[in-house]
Amino acid sequence: MSTVSVSPFLLNTVQKPARYIGGEYNSIVKDHRQMAVSVALAFPDVYEVAMSHVGLKILYEVINREEDAVAERVYAPWPDMEAAMRQNGLPLYTLETKTPVKEYDVFGFTLQYEMSCTNVLNMLDLAGLPIWSEERTDDMPLVIAGGPCVYNPEPLAPFIDVFFVGESEESVVELVDAVKAWKAAGRPDGRRGLLERMAQISGNYVPAFYDAHYDRAGNFVRLVPNTEAAPAKVRKRVVENVDALPVPLHPILPHIESVHDRAVLELFRGCTRGCRFCQAGMIYRPVREKTQEQLLAIARELIKNSGYDEISLMSLSSADYSQLASLVDALFAEFADRGVSISLPSLRIDSFSVDIAKKVQQVRKSGLTLAPEAGTQRLRDVINKGVTEEDLMQACTNAFTSGWNRVKLYFMLGLPTETDEDLAGIAELGYRVSDLYRSITGRMNAHVTISVSSFVPKPFTPFQWFGQIPKTEIERRQLYLKSQIKSRNIHYRYHDAPTSLLEAVLARGDRRVAQVIYAAWKQGAKFDGWTDWFKPEYWDKAFQETGIDPRYYAERQRDFNEPLPWEHIDCGVTKDFLHREWRQGVNAALTHDCRRLSCAGCGVCPQLGVSVLDGMEGNRAKTTFIYRER
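Taking numbering that gives the first Met the number 0, the leading residue of the sequence shown gets 0, the next gets one more, and so forth.
No lab work stands behind these hints, which were simulated from the structure alone. Note that the Cβ used here is the ideal one computed from N, Cα and C, for glycine as well. The reader is advised that the hints may include incorrect statements.
Quick list of the computed label-pair ranges, beta carbon to beta carbon [claimed, not checked]: (1) A82 x E133: 47 to 57 Å; (2) N304 x R442: 18 to 28 Å; (3) A296 x A82: 45 to 55 Å; (4) D214 x S6: 27 to 37 Å; (5) P605 x A231: 13 to 23 Å; (6) L478 x P129: 39 to 49 Å; (7) E389 x D419: 18 to 28 Å; (8) G127 x R64: 55 to 65 Å.
The list that follows gives simulated cross-link-like pairs (lysine to aspartate or glutamate, DMTMM-like), each with its CA atoms no further than 25 Å apart [claimed, not checked]: (9) K358 x E420; (10) K179 x D137; (11) K358 x E265; (12) K358 x E309; (13) K303 x E23; (14) K358 x E292; (15) K540 x E81; (16) K534 x E474; (17) K485 x E389; (18) K101 x D67; (19) K232 x E265; (20) K470 x E420; (21) K101 x E133; (22) K534 x D558; (23) K29 x D79; (24) K485 x E472; (25) K303 x E292; (26) K101 x D79; (27) K574 x E239; (28) K182 x E309; (29) K521 x E133; (30) K407 x E554; (31) K521 x D79; (32) K29 x E134; (33) K56 x D308; (34) K574 x E544; (35) K540 x E554; (36) K56 x E265; (37) K540 x E472; (38) K179 x E102; (39) K470 x D558; (40) K521 x D548.
Please model the complete structure; the sequences and the hints are all you need to start from.
As structure tokens, this is what we get:
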């Protein structure tokens with residue numbers, strides 16, 4: 000095992016050198032010489048963002064619990080550090096032991112958002128590895144990836160050896176065991192032999208074992224396995240008993256402030272509210288809650304081992320946790336005298352949520368964030384939001400009478416069937432909220448923020464067949480909405496149109512988009528999710544060089560009978576259900592939440608053999624949580 004020597008003089012030339020030194024409290028250091036398998040866990044973004052990601056922390060814990068396996072962390076160096084590394088011939092290295100990534104058995108990425116794709120290529124190159132998977136040799140790490148972006152893995156398929164689909168707490172252990180067995184057997188059949196072992200693990204997708212076919216017009220037709228080792232469909236992995244999942248009870252404490260610098264309690268997984276634009280609400284089904292007793296035990300350990308003064312209650316819709324009120328009371332009883340605050344990152348638009356918000360902000364008060372998503376009731380019904388303007392006004396009434404004067408409202412622009420009337424409705428809601436504050440308090444100091452993002456059609460949603468509106472139309476609608484807002488108390492923010500266009504291409508693309516990603520990276524594209532670093536001209540040139548029209552992927556309305564590049568992935572939700580929800584949306588008809596009502600027929604529970612676990616139902620597996628000391 001070799002190590003990279005990083006000079007203090009070099010670190011003094013870059014911003015925030017603490018990003019690259021390692022040695023954080025609670026980090027795990029093992030002797031690689033005693034390990035059978037080594038894994039470099041990568042997040043393709045800067046340190047402050049990467050250190051906030053819970054999923055990578057869990058995998059770090061899971062792998063390091065194995066006596067003969069080691070996992071270390073590696074994040075994307077900021078451009079100043081990258082330049083210094085290239086100038087001084089330093090390879091990409093892990094934080095714990097400064098070991099070059101190239102010396103690991105596995106190099107694993109988490110793909111949380113499409114705009115990080117060029118950072119994946121950049122990190123492969125910094126590590127001294129070939130960008131294209133077919134060029135890697137037997138002595139190089141296996142490059143794997145997981146996360147929500149792998150539900151359409153095709154744009155990155157030529158760069159990745161293995162994709163993990165679904166929840167990977169169990170499959171990552173199977174990966175470690177498979178690599179260990181392959182090495183112990185003398186590495187039979189080289190890299191291909193290892194890939195064949197990977198393909199036999201449920202939930203694993205090995206792109207090299209599939210061939211993409213297109214018709215004469217250039218339309219995607221099908222993906223066909225080219226070996227018996229590859230299944231025709233790759234079904235996502237799902238963990239039924241979330242109470243028994245490993246939890247990182249000794250969180251690594253960053254040297255510098257991270258984006259979410261606090262203890263995190265994951266209340267449950269999944270969401271069944273059924274918003275028709277929301278990919279997470281489909282791919283993470285079914286809902287599986289953790290027990291209140293389990294969460295309290297975890298919270299005690301986290302605070303004891305970290306010293307954090309804030310606990311964030313995290314899930315897709317945290318206010319839907321069936322025992323939220325009693326959990327918040329119990330957390331306050333446990334920690335209030337120690338100055339530990341409780342935060343909820345997401346709230347429903349109803350009185351219950353505001354009542355909870357009043358409780359959690361007793362220690363530290365902040366603004367209130369609500370997500371109406373659309374400006375008119377018709378459009379909220381189209382997307383199956385399930386809330387009314389009355390709900391919003393009642394929530395704001397409760398908030399203003401309780402002392403709030405800052406409200407942030409999230410909306411989407413360019414939703415299917417949207418009209419200018421719907422856009423004007425966004426501005427009208429902002430005015431009504433501002434006027435409501437004045438009528439309740441008699442003051443003029445309301446601070447209402449309207450934050451608008453552009454709709455991006457995502458795989459495995461009822462809106463996956465809709466096209467995104469053209470970039471010029473996004474810009475027109477953004478300016479139209481801006482023209483409707485004249486009040487100094489209402490602040491308007493929106494995302495740039497080129498970013499949304501590119502996100503749609505990467506979300507709905509096929510394997511040919513990989514050529515565009517590569518060409519853009521060669522131009523210098525990196526940190527595309529950062530406004531200051533996103534260079535649309537790099538991507539424009541990449542599309543021109545490859546002869547690929549971005550509108551073909553982003554703006555084109557898909558036919559229901561058209562083969563989709565991601566249909567070899569099975570998330571459990573049936574295509575019939577998504578099509579039915581598309582029709583419901585077009586007709587502005589609501590579909591109820593199946594969590595506590597009758598089954599809505601999405602197909603997840605019977606197909607995956609996993610049921611909804613809800614504390615209100617009393618339907619829980621019997622588990623015992625065991626803390627393991629390191």
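Hints versus structure:
1. A82 x E133: 47 to 57 Å: violated (29 Å)
2. N304 x R442: 18 to 28 Å: At 44 Å between Cβs, range violated.
3. A296 x A82: 45 to 55 Å: holds (46 Å)
4. D214 x S6: 27 to 37 Å: Given a distance of about 56 Å, which is not inside 27 to 37 Å, the answer is violated.
5. P605 x A231: 13 to 23 Å: holds (20 Å)
6. L478 x P129: 39 to 49 Å: The hint (39 to 49 Å, Cβ to Cβ) holds, given that L478 and P129 are roughly 45 Å apart.
7. E389 x D419: 18 to 28 Å: holds (24 Å)
8. G127 x R64: 55 to 65 Å: Cβ of G127 to Cβ of R64: about 30 Å, so the range 55 to 65 Å is violated.
9. K358 x E420: violated (37 Å)
10. K179 x D137: Distance ~15 Å between K179 and D137 Cα, so the pair holds.
11. K358 x E265: Holds, because 19 Å separates the two Cα atoms, which is no more than 25 Å.
12. K358 x E309: With Cα atoms ~14 Å apart, K358 and E309 stay inside 25 Å; holds.
13. K303 x E23: holds (17 Å)
14. K358 x E292: Holds, at roughly 20 Å.
15. K540 x E81: holds (23 Å)
16. K534 x E474: holds (18 Å)
17. K485 x E389: With Cα atoms ~24 Å apart, K485 and E389 stay inside 25 Å; holds.
18. K101 x D67: holds (19 Å)
19. K232 x E265: violated (30 Å)
20. K470 x E420: Roughly 20 Å separates the two Cα atoms, so the pair holds.
21. K101 x E133: holds (16 Å)
22. K534 x D558: violated (32 Å)
23. K29 x D79: violated (30 Å)
24. K485 x E472: holds (22 Å)
25. K303 x E292: Judged against 25 Å, a Cα distance of about 17 Å means the pair holds.
26. K101 x D79: Roughly 22 Å separates the two Cα atoms, so the pair holds.
27. K574 x E239: holds (23 Å)
28. K182 x E309: This hinted pair is violated, its Cα atoms lying about 44 Å apart.
29. K521 x E133: holds (19 Å)
30. K407 x E554: Cα-Cα ~30 Å, so violated.
31. K521 x D79: holds (18 Å)
32. K29 x E134: violated (31 Å)
33. K56 x D308: Distance ~19 Å between K56 and D308 Cα, so the pair holds.
34. K574 x E544: Judged against 25 Å, a Cα distance of about 35 Å means the pair is violated.
35. K540 x E554: Cα-Cα ~19 Å, so holds.
36. K56 x E265: holds (12 Å)
37. K540 x E472: Holds. K540 to E472 sits at ~22 Å (cutoff 25 Å).
38. K179 x E102: Holds, at about 15 Å.
39. K470 x D558: At roughly 22 Å apart (the allowed maximum being 25 Å), D558 and K470 satisfy the hint.
40. K521 x D548: Since the Cα atoms of K521 and D548 sit roughly 19 Å apart, the hinted pair holds (cutoff 25 Å).
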